[in-house]
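J.: Now for the letters of each chain:
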Amino acid sequence: MEFDQPMSLPPSTELRPDSRSVRAARRARAALSRASRRAVMAAAVALGATFLVSNNAVAAPAVGQQAPDFVAVDTSGAKHKLSDFAGKFVVLEWTNPGCPFVRKHYGSGNMPATQKAATDKGVVWLAINSTERAASDYLKPAALADWMKSQSAAPTAVLMDEDGMIGQAYGARTTPHIFIIDPKGTLVYAGGIDSIASARVDDIKTAVNYVNQALGEAFGNKPITAASTRPYGCSIKYKT
Amino acid sequence: MPALAQLTPAKAGAVVTTPHVRAELVAHAPDGVAPGAPVWVGLQIAHQPEWHTYWKNAGDSGLPTELSWTLPPGVAAGDIAWPVPKKIPVGNLANYGYENTVLLPVPLEVASTFKPPLALTGAGGPAELQVRLKASWLVCRKECIPEEGEFSLALPVQGSTALHKAEFDAAQAAQPAQLAAPGAIEVQGNNLQVRLEGLPAAAQGKTLAFFPETPEVIRTAAVSGKDWTQSWQGGTWTATLPLADQRSASPTAMPVVVALAEADRQPGQPIAWRAEPPVSGSWPAAAAAPAAQVSPALQAALAANAADAVKSAAASNEIAPQPMGTLLAALLGAFLGGLLLNLMPCVFPILAIKVLGFARQAGNRSAHRQAGLAYTAGVILSFLALGGAMLALRAAGAGLGWGFQLQSPAVVAVLAALFTLIGLNLVGVFEFMRTVPSSVCSAQAKHPIANDFLSGVLAVVIASPCTAPFMGASLGFAIGLPAGQALLLFAALGFGLALPYLVAGFVPAIAWLLPKPGPWMSTLRKLLAFPMFATVAWLVWVLGQQTGIDGAGTLLALLVCLSAIVWALTLRGRSRLVIATVLIGFTVVLTSAIGRNVLTTIEPAKLAGAAGSKEARWQPWSAERVAELAGDGRPVFIDFTAAWCVTCQYNKKTTLSDTELLAAFDDKKVAMLRADWTRRDPAITAALTALGRSGVPVYVLQAPGKPPVVLTEILGKDEVRAALAAL
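So the sequences go chain by chain: U and G. Using the working numbering, the letters of the first sequence map in sequence onto residues 1 to 240. Using the working numbering, the letters of the second sequence map in sequence onto residues 241 to 967.
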């Protein structure tokens, strides 16, 4: 009988049984090549994995782009998602009671009034605190809720963002920093609360309140004139 | 409460001290106060350690110091001559400001109408210029305190005021020198290209710090060398800086300051330069929408669907890992998918080769085990490598999905050639023995394990586009998973694929069940050549989908030439020389003449043009078309498909050709769109990702105003009918 030679065995060794030592040597060599191939593969996978280490390669949204969804817990422990409010206008207000600029707007009643005017229209107002836990003016959820109540603030919810993920996702830089999202989820306003960058309470009455103006234009189906303005205030104390 | 001046009731002094700064109103009038004489006043701020105030452009937050002067008639104050600031990074934001001590000088213009008031101390007292300043500044360390102060200073008109000469000289030295040429700024996409000319030799070649005076234009926290680049050509300095994500200023001219690094500054030499380049180019409009141009209503619903996939980038107070149950279900699904892959026509030929390998080693138990392990290792590590590569590309932002290997015609052609060669070898046209030097052959013999490992890798390369039903959801899951869990999923896939062979290797009973070597091996070997050729036929068909009939025909012709060459090389002596040379020459000529056809892809529209009226019901997919149809109030059925996807072809020929079902579609006035992913269209990739999938087929029924319904991959008629009824 004759059979064609198979693919890889040389003719001489096809039927002769291998000696123990030859077999052992072959196995050892095969194991080494297998191990070296595995090492190369592992190195390749590890190299690929290093690309994943960089956090946050995504840019913050600009006005006109889709607002990123997020999930956060408010001061009473309830969970909220931005997508829960799809179909409504949503205002995101970055806040921190330790910042004199925030106190300027709350103490004078300007921010609570703006919040109430918005929520009366059916707008969802989310106050977000991205101050890290290690900061000197970090407030625990209960303390933050108490402060909000003491200022007669009227947001729909006050969200805790201690890891700073939501703030970084939106590119929030100052407190206060305001973002307005339309019912379709597009960012339509990003910037300050009003037009005069100062810590003086007197400037509030002469400044243009950009939030009232933007919401008024949006509800009147007019394009928002000042859609991107300069936010002013203290730096948000992100977790480093 | 802002800190106020000292509570001296009569008048404010020249110094205000707060817990964070000591601010002093100082003056420099070496020639007294007279028209034409240099008169400078300024606010000197000595900060407590770690506290800082801000420059005229404070950066991402903060406020510049404001000075408001009250001067007698005839004296006017100019603008603050801001010294060069320091960039103060705060996490991944940045500010421009001053630490330690800074003097903000302001020039006073004394007009001839200035009449120094008579001193109040009576006749003979010196005449004085009363300067009053109301200053407000924001001083920050981590927290910020807005502070104010009222200052008052009396400058003798006749005498010389030069107590603070050193500080004013230092402030003067820290001024940016005005450049003669204005330079130019151009907006290019999302970057600003700045060009400054006429910089002196002392600055050339040095790394400069960049300070724009206009806020809200560039990304303040950009780091030189990492986020923005600068270069020198002689005395011209150019830089490319990224625009801010939320830019709110679009100036027509941007005054900018560039400064030497601290180490490069020489005393007595200018340390910074200023220019006011005009800005050309158009500012990017409210930035381009993301790649997936889906209608807003769909997007809102998709955002809800994809919320889980986005969760890793979203905020959460709790860590929110994937719940164990769903991960295990996904792993199980991946494992079953891997098992199922063994039956796919794209894998079966490889398995056939593996069986042949077993037959060769019948009786050698440890060899079986090693072969099984080597194959499994090859398969799993290849899946992990593919998964790792996909995850790396995902991180880099590329819109890549599963199955990219067979989207490139070059890869398809090469694979077709490879399988042709293997088929020819199996049939016996040539043997590796005679065409390859013996040293290589014996090297192969000594590493049968390596063969198994490599055939495992090959199995993965071919199998990947065949996303079987169980794999679809798992893969879409993997896109949204953290790296470790996604790689685990890929490993489970590989394990399922390799399991049959592995089990056979370990359970000796099965090995004993295999027949012993004999003449049947030769028959089997020749028989297995035909699945190889069948795979080649399939690959030629795929190439035809991508490059048209010309490409497929050219590939077939080239494969024929390849086969002829391979046979010619098995000849001996002169006939080998002559025939092989002729054939190789002919192939080269043929390739240069028509080889291009294999690589030129054809627009899908052209391919579909040949179809008859039955195909006219399917319109090509585009995000705009979907939005249009949604606006018209029509439900939309989208078929995401690709030529190399067997499940897609199966569904196309069965469920989607069923006349009753098509009539049901027409009844409900459903628009039917086909998204052809054969050539890796990035818009389709993005749409797939938005649906939580990374492979095809995907069937979506979208009713206007309702979230989209994604149907299963093996499309059943009842399922579609039920979905249509729910419209």
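Be aware that one or more of the hints could be misleading.
Taking CB as the label site, the calculated pair distances span [claimed, not checked]:
id	chain 1	residue 1	chain 2	residue 2	range
1	G	A402	U	P223	28 to 38 Å
2	G	A569	U	K79	15 to 25 Å
3	U	A24	G	K766	29 to 39 Å
4	U	K140	G	A569	51 to 61 Å
5	G	Q725	U	R133	43 to 53 Å
6	G	R816	U	A24	39 to 49 Å
7	G	R505	U	K205	42 to 52 Å
8	U	K205	G	Q288	55 to 65 Å
9	U	K149	G	Q433	48 to 58 Å
10	G	P278	U	F219	38 to 48 Å
11	U	D120	G	Q889	54 to 64 Å
12	U	R133	G	T447	54 to 64 Å
13	G	L817	U	A24	18 to 28 Å
14	U	T119	G	G445	43 to 53 Å
Keep in mind that the hints were calculated from the coordinates and are not lab data. Idealized CB from N, CA, C, for every residue including glycine.
J.: State for each hint whether it applies.
T.: Results for each hint:
1. A402 (chain G) and P223 (chain U) have their C-beta atoms about 58 Å apart, which leaves the hinted 28 to 38 Å range violated.
2. In this structure, A569 (chain G) and K79 (chain U) meet the distance hint of 15 to 25 Å, their C-beta atoms being roughly 23 Å apart.
3. For the pair A24 (chain U) and K766 (chain G), the beta carbons lie near 35 Å from each other, so the given range of 29 to 39 Å is met.
4. Against the hinted window of 51 to 61 Å, the Cβ-Cβ separation of K140 (chain U) and A569 (chain G) comes to about 38 Å, which falls outside the hint.
5. For Q725 (chain G) paired with R133 (chain U), a C-beta distance near 27 Å fails the hint of 43 to 53 Å.
6. For R816 (chain G) and A24 (chain U), the Cβ-Cβ distance of about 41 Å falls inside the hinted range of 39 to 49 Å, so the restraint holds.
7. Distance hint check: the CB atoms of R505 (chain G) and K205 (chain U) are about 46 Å apart, consistent with the given range 42 to 52 Å.
8. For the hinted restraint 55 to 65 Å between K205 (chain U) and Q288 (chain G), the CB-CB distance of approximately 34 Å leaves it violated.
9. Between K149 (chain U) and Q433 (chain G) the beta carbons are some 51 Å apart, a value that agrees with the proposed interval 48 to 58 Å.
10. Remark: the range hint 38 to 48 Å for P278 (chain G) to F219 (chain U) is contradicted by a beta-carbon distance near 57 Å.
11. In this structure, D120 (chain U) and Q889 (chain G) meet the distance hint of 54 to 64 Å, their C-beta atoms being roughly 58 Å apart.
12. Look at R133 (chain U) against T447 (chain G): about 37 Å separates their beta carbons, and that is not inside 54 to 64 Å.
13. For L817 (chain G) and A24 (chain U), the hinted distance range of 18 to 28 Å is not satisfied, since their beta carbons lie about 44 Å from each other.
14. Distance hint check: the CB atoms of T119 (chain U) and G445 (chain G) are about 59 Å apart, inconsistent with the given range 43 to 53 Å.
The structure fails hints 1, 4, 5, 8, 10, 12, 13 and 14 (numbered hints given earlier, in ascending order).
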